[in-house]
Amino acid sequence: MATASTTFATSTWERPLNRTLAIYLKEAKYEFLTRLRLRAYSISTISFPLMFYVLFGLVLNPKDTAVGGTTMATYLIPSYGTFGVMGASLFGTASGLAAERGLGWLQVKRASPMPPFAYFTAKVALGMIFSTVVVLLLLVLGFAFGGVRMPFLDAAKLLATLVAGSLPFCAMGLAIGYFVGPNSSVATTNLIYLPLSFCSGLWIPIMFLPKLLQQFAHFLPPYHLAQLALSVVGAGQHESNWIHWEALIGFFLICLGVARLGFQRDEGKMYG
Amino acid sequence: MIAALPETLEHRMKDVGSCGAVIASLHGASKTFGDVRALCQVNFAVRAGELVALLGPNGAGKTTAVKLFLGLAKPTSGTVSVFGGDPIHAEVRTRIGAMLQVAKVPETLRVREHIDLFSSYYPNPLPLAETLAAAGLQEIKDRVFGELSGGQRQRVLFALALCGDPDILFLDEPTVGLDVESRRVLWEEIRKLIARGKTVLLTTHYLEEADALADRVVVINRGEIIAEGTPAEIKASTAGRRIRCVSSLDIETVRSLPGVNDVRRDRNALEIRAASAEPILRELLARDAGLSGVEVTSAGLEEAFLALTLEHNQA
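Here the protein sequences come in this chain order: A and B.
Once you know that position 230 of the first sequence is 230 in my numbering, the rest is easy, because the numbers rise by one and skip nothing.
Once you know that position 41 of the second sequence is 41 in my numbering, the rest is easy, because the numbers rise by one and skip nothing.
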């Protein structure tokens, strides 16, 4: 033990790639298990969008009401899909990070040789897995009870669009997680999540909102993701998809920047 | 308590005096948080195979010292070295195990799952069964963390520190908040680590703990090291005997006797601290025929510690 101590200073040790990969996978697996068993997260993330869809898409409205070029039951899948993806991403990242950061657990992990990026990747992967589940269940409900019909490829494209579009919201969650305390993270996230969803036309189709709100929606990231998803089923405002992608990418970069500031502020507090 | 553990004693005999290589050290390390000076010019080394206790009251800077060693904080000035490198590097961290004070651990993961994850961070972790055995967790390995008692939770955190089979372990207040029984169990596990050739630095504000476990005690107060030595040396370095008696002599007279370090009035009795008891007793008996209720005790580590920190706070 004593002799080995001198050999380390100059060597540039690196973990073999396959072991690094194994850590990333394990980190994601246990993050998933942690959250799956935490019913406050797993049940509410999945059931809220489904509940809204059943209520407004299948029960309260005649499901074949024409909306934005398609039926209500079809229109609301991308719409509540966006809502669900946002929830899974925001709550998957923000509250976990805020609690683990604020209550000392992150520090235990940071003192270990865990690759730091594995921690964040696991949270993002978690958000994406739950996003996938929400969208798939919405599709199943729509197909089974809403008379929704679309080619398999379109369904796959819708899923892919929504899950890819979850990334900016994962980044937003990380940014929130770095700037709120462990006890206020859920409330803060809801305070951002719910108004943002409403104003982006995720609950009530955008054309039924007041004109002013319709204008304002263009500044909101969920609006752009919803429009991308709606365009897959031939509905929505029919704007250029490039605008939506650009808006989402810009928003993603801003959130990453803010999260990075939080990360550095944290490191500075502990390592400054 | 110490005598009951021959292997620990033997180990202690071997290590006191003999010097393993320095594997972790602070050189002139200071750390300030805003206006608060947490550590001030601390020089401190941990040698291979020893169990060092960093002893001090709350807020003395113990946790800050551990954070420096773990690379979780950077010294404002001075240097930190662990295995000849900076502890922020993963290569150094693969040889370090850490047990920190945590307010909340993910509660829905099972004990074995927590260990499995942390083991994966290290290149040569212990087999799961061995880690479970070393921390006494075999029977509760399938329980989720949220269901565990305080003592069991600490043992899981301890398991996470040792699962990577590190060469040195930093244990920050490992037994804080535990009942006597759980504390002894954890002490036993810590002793086993040393028996297996590991090096341990633990912080504690329990003197009994430092006395029971450590080869070397480093006393820290207000960010400065104020004493260092074996538990026996620390005890000997301050007032050796405590004399309690009921006497009509006034306190100033007693204080002026040669060899008296300190006198306090405790209800109707006098409490005298002195290097040795006999000369003082002779004097007292000669001056006060009515002297009664004489009790002589040796100062424990607790007295030594109080005396040391008191002296330091007054200085």
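Heads up, some of the hints might be wrong.
To be verified - Derived, one-sided and incomplete: chain A residues facing chain B with beta-carbon distance under 8 Å: (1) W13; (2) K26; (3) Y30; (4) L33; (5) L38; (6) L60; (7) P62; (8) Q107.
Said to hold, decoys possible - List of simulated lysine-lysine pairs, PhoX-like, C-alpha gap at most 20 Å: (9) A:K109 / A:K29; (10) A:K26 / A:K157; (11) A:K109 / B:K192; (12) B:K141 / A:K26.
Since the hints were derived computationally from the structure, they do not count as laboratory data.
Ideal placement from N, C-alpha and C gives every residue a C-beta, glycine not left out.
Quick rundown of the hints versus the structure:
1. W13: Since the shortest Cβ distance to chain B is 4 Å, the answer is holds.
2. K26: holds, 5 Å
3. Y30: Holds: closest Cβ of chain B sits about 5 Å from A:Y30, inside 8 Å.
4. L33: It holds, given that the least Cβ distance between A:L33 and chain B is near 6 Å, below 8 Å.
5. L38: holds, 5 Å
6. L60: With a minimum Cβ separation of about 36 Å from chain B (threshold 8 Å), the hint on A:L60 is violated.
7. P62: This interface hint is violated because 42 Å lies over the 8 Å limit.
8. Q107: holds, 6 Å
9. A:K109 / A:K29: holds, 16 Å
10. A:K26 / A:K157: Violated, at roughly 29 Å.
11. A:K109 / B:K192: violated, 24 Å
12. B:K141 / A:K26: holds, 18 Å
Violated hints for the displayed structure, listed by number in ascending order: 6, 7, 10, 11.
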